[in-house]
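*Asks:* Below are the chains, spelled out letter by letter.
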Amino acid sequence: MDSLLVVIFGFIAVIGALTTAFNREPYIKLISMSMMIGGIFPFIVDRGFLDVAAATAVIAPISTIFILLICRKGEP
Amino acid sequence: MEVALLIALSVCAIIAAYAAVRVVLEKRPLRKLPYLNVLSFAISGSLLLILPHPLSIVVAVAYFVGSTLESNAIASTYAGGIQKDG
Amino acid sequence: MNPEFILGLILLLIGSAVSAFPRPKNYLIQLINLEIPGWGLLLVMLSYNEALALFTFGGVSALSTFILVRVIEKRRPI
Amino acid sequence: MWEEYSIGLLGVLLCGVIAFVALAIEKDDLHRLLLIDLVEIPSLGIVALLATDLAEALILPGLVVGIAELLALSQIYLVKEGLKEQPEGRLHIEVIEYADAPLILSLFLVVYGIILSGFTGGGVAGLGVVFYFMSRGYKEDLSLLEAAAGISWAIWIVSFFVFMFLPQYWLLAVFGAGGGILLKVIAKMSLVGTMWGRSHE
Amino acid sequence: MSSVGGTPLFLLEFGDIVMYFTPYTTSLFILALVFTCIVILSRPENQLDIIFGSDGYYTKETEVEELRFRRFMSIACGLACLGATVTGDVFDFTLFVSLVGITNVGIVAAVRSRHVQNAAFQYGIVALAGTVPLFGGAAIVAATNGTLSMIELSARTMSGVPLIAKALLTLGVMGEGMAPFYAAKAEMFRAPGAPYVIMCSLSSLLIFLRVVEVIITM
Amino acid sequence: MIISRISAFISDFENLMPLFAGACALLFIIGILMLPLPYEEKQLYPKQINRSSTLDPYDRGGSPFTRATIISQYPQNSPTAGYVTTYLTPLSWFLANTTQHLGTTIVAHPGGILDEILYNTRGLDTVVEPTILFIAFAIGSYLFRRG
Amino acid sequence: MLPDFLRILIAAPVCWILYITIDVYFKLPEQGGVSGATAIAKDIERGGGALHGGYMMGNIVSSPDASAGTLLASCGVTAAGIPGGLFAALLVYIGNRICYDPGYAGTTGAVVATFVVFGFTQIGFAASDFVAGMVIAILTIQGLSHSHASRLLATLWRWRS
Numbered sequence: 001m002d003s004l005l006v007v008i009f010g011f012i013a014v015i016g017a018l019t020t021a022f023n024r025e026p027y028i029k030l031i032s033m034s035m036m037i038g039g040i041f042p043f044i045v046d047r048g049f050l051d052v053a054a055a056t057a058v059i060a061p062i063s064t065i066f067i068l069l070i071c072r073k074g075e076p
Numbered sequence: 001m002e003v004a005l006l007i008a009l010s011v012c013a014i015i016a017a018y019a020a021v022r023v024v025l026e027k028r029p030l031r032k033l034p035y036l037n038v039l040s041f042a043i044s045g046s047l048l049l050i051l052p053h054p055l056s057i058v059v060a061v062a063y064f065v066g067s068t069l070e071s072n073a074i075a076s077t078y079a080g081g082i083q084k085d086g
Numbered sequence: 001m002n003p004e005f006i007l008g009l010i011l012l013l014i015g016s017a018v019s020a021f022p023r024p025k026n027y028l029i030q031l032i033n034l035e036i037p038g039w040g041l042l043l044v045m046l047s048y049n050e051a052l053a054l055f056t057f058g059g060v061s062a063l064s065t066f067i068l069v070r071v072i073e074k075r076r077p078i
Numbered sequence: 001m002w003e004e005y006s007i008g009l010l011g012v013l014l015c016g017v018i019a020f021v022a023l024a025i026e027k028d029d030l031h032r033l034l035l036i037d038l039v040e041i042p043s044l045g046i047v048a049l050l051a052t053d054l055a056e057a058l059i060l061p062g063l064v065v066g067i068a069e070l071l072a073l074s075q076i077y078l079v080k081e082g083l084k085e086q087p088e089g090r091l092h093i094e095v096i097e098y099a100d101a102p103l104i105l106s107l108f109l110v111v112y113g114i115i116l117s118g119f120t121g122g123g124v125a126g127l128g129v130v131f132y133f134m135s136r137g138y139k140e141d142l143s144l145l146e147a148a149a150g151i152s153w154a155i156w157i158v159s160f161f162v163f164m165f166l167p168q169y170w171l172l173a174v175f176g177a178g179g180g181i182l183l184k185v186i187a188k189m190s191l192v193g194t195m196w197g198r199s200h201e
Numbered sequence: 001m002s003s004v005g006g007t008p009l010f011l012l013e014f015g016d017i018v019m020y021f022t023p024y025t026t027s028l029f030i031l032a033l034v035f036t037c038i039v040i041l042s043r044p045e046n047q048l049d050i051i052f053g054s055d056g057y058y059t060k061e062t063e064v065e066e067l068r069f070r071r072f073m074s075i076a077c078g079l080a081c082l083g084a085t086v087t088g089d090v091f092d093f094t095l096f097v098s099l100v101g102i103t104n105v106g107i108v109a110a111v112r113s114r115h116v117q118n119a120a121f122q123y124g125i126v127a128l129a130g131t132v133p134l135f136g137g138a139a140i141v142a143a144t145n146g147t148l149s150m151i152e153l154s155a156r157t158m159s160g161v162p163l164i165a166k167a168l169l170t171l172g173v174m175g176e177g178m179a180p181f182y183a184a185k186a187e188m189f190r191a192p193g194a195p196y197v198i199m200c201s202l203s204s205l206l207i208f209l210r211v212v213e214v215i216i217t218m
Numbered sequence: 001m002i003i004s005r006i007s008a009f010i011s012d013f014e015n016l017m018p019l020f021a022g023a024c025a026l027l028f029i030i031g032i033l034m035l036p037l038p039y040e041e042k043q044l045y046p047k048q049i050n051r052s053s054t055l056d057p058y059d060r061g062g063s064p065f066t067r068a069t070i071i072s073q074y075p076q077n078s079p080t081a082g083y084v085t086t087y088l089t090p091l092s093w094f095l096a097n098t099t100q101h102l103g104t105t106i107v108a109h110p111g112g113i114l115d116e117i118l119y120n121t122r123g124l125d126t127v128v129e130p131t132i133l134f135i136a137f138a139i140g141s142y143l144f145r146r147g
Numbered sequence: 001m002l003p004d005f006l007r008i009l010i011a012a013p014v015c016w017i018l019y020i021t022i023d024v025y026f027k028l029p030e031q032g033g034v035s036g037a038t039a040i041a042k043d044i045e046r047g048g049g050a051l052h053g054g055y056m057m058g059n060i061v062s063s064p065d066a067s068a069g070t071l072l073a074s075c076g077v078t079a080a081g082i083p084g085g086l087f088a089a090l091l092v093y094i095g096n097r098i099c100y101d102p103g104y105a106g107t108t109g110a111v112v113a114t115f116v117v118f119g120f121t122q123i124g125f126a127a128s129d130f131v132a133g134m135v136i137a138i139l140t141i142q143g144l145s146h147s148h149a150s151r152l153l154a155t156l157w158r159w160r161s
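Chains as they are written, first to last, in the numbering used here: chain A, 1 to 76; chain B, 1 to 86; chain C, 1 to 78; chain D, 1 to 201; chain E, 1 to 218; chain F, 1 to 147; chain G, 1 to 161.
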């Protein structure tokens, strides 16, 4: 991958991780986590592991849905 | 890599970075979601442009649908889910 | 030393620091924080081309999230 | 000679130190359980730094074992705290309740898991089954699952002895082992999904 | 091969994993075997409590299922001890030790008493945390030496196993073998099914003795 | 006396967990101090990456039903080692001839280097692991059913 | 043969017109498909936007609509030509089923976009330009200013009804 792209996607992943880590609202944390995962995916695809990438893309939202089960419903 | 692909990829990546910054700067969770949507558009575009191969279509769609499903679930749960009528 | 490795170590360190000492301290926040080091480990495995281990780790970490959610859900209020 | 192995080991051990310090000063039992999940990650990281095929062969079963022990501990926790009341256990949103998301996604995961076979396939297919049970609130008799798990364990042991003592039939043993472990892991993981509902009887 | 346990009398080969029977490991193996047989054969009696000041007594009710479960766990624990005492591979040894740990958790956890359940939970946490140094130690041994076989490791003239790996292995075994601390409550030993609790202590003793041999050999 | 105080501390099992975790943390810190550890280059089962192969991260050479050379610990104990590595089921044979990027799916399907290690040369490890799985789930489901 | 940047800048408005037309035609701005989309619309309205535009933005967020169809179809054409685009349309339909959406807008968008993109490749454009163009097009709606975008979409919706 081009070094510019590495920097950009790495930046997205790190900034997503930092927001996930230091925010106090569960919903904002989940949104930032989705952003972090978006930054990680290009690295998997760049290696050429397309089957792994597709399956992981399906698994990641399932994990989030599990976490949503304990977020208080209907409460900001 | 072809020049056209590289330029398109750079455009996607820069827009992704911009969207990421906007997601972080926005305060309200529901208003973050459209920016996150832009991010996932840009990322799924760049996933394909990094490796233009028929199988990449599946990856791009899987990533996009997964990300959409996630936003959908987050927004609906935040809004309180199905309103019981009657 | 490829970029995935460095990025993975960064995520691993950030993630384990915040999930060891979550703030505010409740189960939900800690559970969400636990995802970060998981993705960091995934990147470290990626940098060594351990695709199958990475894949299994993704599936199993979702399952362990489910198990922990099951416990926390029964223990309301958080 | 700070080569890549040592740098990686430094990072992973630091994570371990952080996690263990947190574990040492933690008083609440459920927080301890969550921290145990964190502590597993550095241990897998140390193995992953080995960077050979052996490393993967050590990680794969280690993951499955870790989740099994986590399940046993979480069940002990629930029993010891006397937590029996029903969790609601459903997410009342359109995607789960009305859409075909659980069906399509779990079908995809189960089919793909069966193609993969072995530990990986078991984990993936088990995740699909768990997701389906979670979203549909389905309850099943445990005894069938346990019988399936027992049979698959026996298949795997037989394949192991074929490998060790009748090596000329290795092809049969590969299929037996892959299928046996797949069945076993799926059955065990679906057990997790059925436990989501109320306790039996 | 020269080791503290003496020269191997017999090697049992399962692919890369070779079980070796030196006089030392053989004696541990026989001990574990005898105790496993005792557990298989023993029929736990019902306990009688005499009501003080009268001639009456009553029998403590324990469920058959609970005893059966604990007995099953004890047998599994015995089998795990058999493996742990003779295996000749570092990673295999750590796996057998964690199997001993989880079966001990099972033996303790089956008792229907809140206090004992609490002890089982605490022990389970220690056992699960103990797998971290165990696997970590084994992985460091593999990375620094390129092999996991104890026979190969002891054949090296200059020991390349770092001290930290040995220390991690020992600490891990200590974590898994902590069962007696948790089972050492009077009520556990007085409770029906006491032979099963003795299995906990014995298995911890055996894996301690074995890990000493392992780290000296390496 | 100090000893009685220590024994009183240890006899409360609530305190053992912090003690053990503290010992682990201390040992890990010692490990960090001892750090630059030499990495042995001559490993068992080394990885070779061949990006142009269709079996990408797991291409270990050989065509089906021939033997690949596996660097295992005791080759004499596994007379058929190397056959499983090269074996491809019809489905994975089809995938390998069709596309470039499905190496992980192919290796996870029966056959492949990991199956070789997990089932054949280090089979005893894999015997123990399902047993741990079995025991742990037995404890879980027993406690769950007892309620 | 136009220079690269110019081709992307031409592709962006083409994509924009394409997906806005199809989305408005299939009545996406009428109401929120799921409760999350409605909530996003209400939130945007509170921030100074228009409700119907907000509904459309919420629907774009919470299920793959014509914009996603356009993106993925141009991805498909980049990778595998016309069959790739139609395959992407099929996958978008499945994605729509997952996200509780009837699936007309997304699938129609994908099919139409396949042929439009293929047509443009015949006159010297690269299909990858349309991927970048679509990302720019979605940026103008979702990523710059929610209140202005929603007002614009509400105006378009008023013309439609």
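A couple of the hints might just be wrong.
The calculated lysine-lysine pairs, modelled on DSS-like cross-linking and capped at a C-alpha distance of 27 Å, are [what the hints assert, rightly or not]:
(1) 25(C) x 27(D)
(2) 166(E) x 42(F)
(3) 27(B) x 74(C)
(4) 74(C) x 25(C)
(5) 27(G) x 42(G)
(6) 42(G) x 27(B)
(7) 74(C) x 27(D)
Chain C residues, not near chain F, derived (Cβ > 10 Å throughout) [as the list claims (entries may be wrong)]:
(8) 1
(9) 3
(10) 10
(11) 21
(12) 28
(13) 48
(14) 52
Because the hints were derived from the structure by calculation, they are not lab data. Positions of the beta carbon are idealized from the N, C-alpha and C atoms, including for glycine.
*Asks:* All hints are to be evaluated individually against the structure, with a verdict given for each.
*Replies:* Hint check:
1. For the suggested pair residue 25(C) and residue 27(D), the alpha carbons sit about 12 Å apart, so the restraint of at most 27 Å is met.
2. Between the alpha carbons of residue 166(E) and residue 42(F) the distance comes to roughly 21 Å, so the proposed pair stays at or under 27 Å and holds.
3. Distance restraint check for residue 27(B) and residue 74(C): the Cα-Cα separation of roughly 32 Å exceeds the 27 Å cut-off, and the hinted pair is therefore not satisfied.
4. Of the pairs offered as hints, the one joining residue 74(C) and residue 25(C) holds, with about 18 Å between alpha carbons and a cut-off of 27 Å not exceeded.
5. Between residue 27(G) and residue 42(G), the direct Cα distance comes to roughly 18 Å. Compliance with the 27 Å bound is thereby established for this hinted pair.
6. Taking the CA atoms of residue 42(G) and residue 27(B), the gap is about 16 Å. The hint holds against a cut of 27 Å.
7. With a CA separation close to 20 Å, the supplied pair residue 74(C) and residue 27(D) stays within the 27 Å bound.
8. Every beta carbon of chain F lies more than 10 Å from that of residue 1(C), the smallest distance being close to 14 Å; the non-interface claim holds.
9. The Cβ of residue 3(C) sits about 17 Å from the closest Cβ of chain F, beyond the 10 Å cut-off, so the non-interface label holds.
10. The beta carbon of residue 10(C) sits about 18 Å from the closest Cβ of chain F, which is more than 10 Å, so the claim that it is off the interface holds.
11. Annotated as non-interface, residue 21(C) keeps its C-beta farther than 10 Å from every C-beta of chain F; the closest such distance is 14 Å.
12. The claim that residue 28(C) is not at the interface with chain F holds, since no C-beta of that chain comes within 10 Å of its own (minimum 23 Å).
13. At roughly 8 Å, the least C-beta separation between residue 48(C) and chain F is not larger than 10 Å, which violates its mark as non-interface.
14. Not every Cβ of chain F is farther than 10 Å from the Cβ of residue 52(C); the closest lies at roughly 6 Å, contradicting the non-interface assignment.
Going down the numbered hints, you'll see the structure goes against 3, 13 and 14, while the others check out.
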